[in-house]
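Here the sequence shown is numbered in the numbering used here, starting from 2 and rising by one per residue.
What the hints contain is simulated information worked out from the structure, not anything from laboratory work.
By construction, the Cβ of each residue, glycine as well, lies at the ideal position given by its N, Cα and C atoms.
Treat each hint with caution, since some may be false.
Said to hold, decoys possible - Pair ranges (Cβ atoms, derived):
id, residue 1, residue 2, range
1, Ala-137, Trp-106, 35 to 43 Å
2, Val-168, Gly-191, 13 to 21 Å
3, Tyr-66, Val-117, 17 to 25 Å
4, Lys-40, Phe-62, 38 to 46 Å
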Amino acid sequence: MTTHDSRPGTTASSADLHDPTKGVVTFQEEVVRSSIARKFLAGLRIVLGFTFFWAFIDKMFGLGYATPAAKAWIHGGTPAQGFMKNAEGPFGSFFKNIAGPWADWLFMAGLLGIGVALLAGAGLKIAAWTGALLLALMYLAEFPLGQSGMTNPLVDSHWIEALGIAVVATTLAGDTWGLGKWWGRHVGNGFLR
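Sequences are here, hints too, so could you generate the full structure?
Here it is in structure tokens:
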């Protein structure tokens, strides 16, 4: 495994290889050897990022796709509350009880932050954790599944998106076609990577 010391004129000892405080940074080429695989992972990252970013833009401005203009957040719409207040099933009362303006702010901040992080390729670990949490909550709000003509009663797109975000974060997919290398040199391999 090759490691890179981000400090000029220094070499890393074997004890320093995995110590982010010593300036050692791991890059995607060390995790994923195939250049074509790195490009596919970057493509997956960008598509997932655009999915979150588009959801934010549509809910903010009501572009008429999932959100009509009259229900846009800038026109007084409630992007999370409407969804949460209509939740049914075993978790319905939980979501109805926590619905409020703060939930709208957190939801929209989450969509924007996750989308921008994935599109930029920086902050992928935070995006993976917050994205998985957001998607898990959305999954539970729709539980039980399979009632609206879905083909699988347990697994839906929330699972696929959460796993996709985890894959792009753990494979450092932001290093290809993104700001991941630059970001990694500044923050190391820690949680902000």
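Non-conforming hints, listed in increasing numerical order
Violated hints (numbers, rising): 1, 4; every other hint is consistent with the structure.
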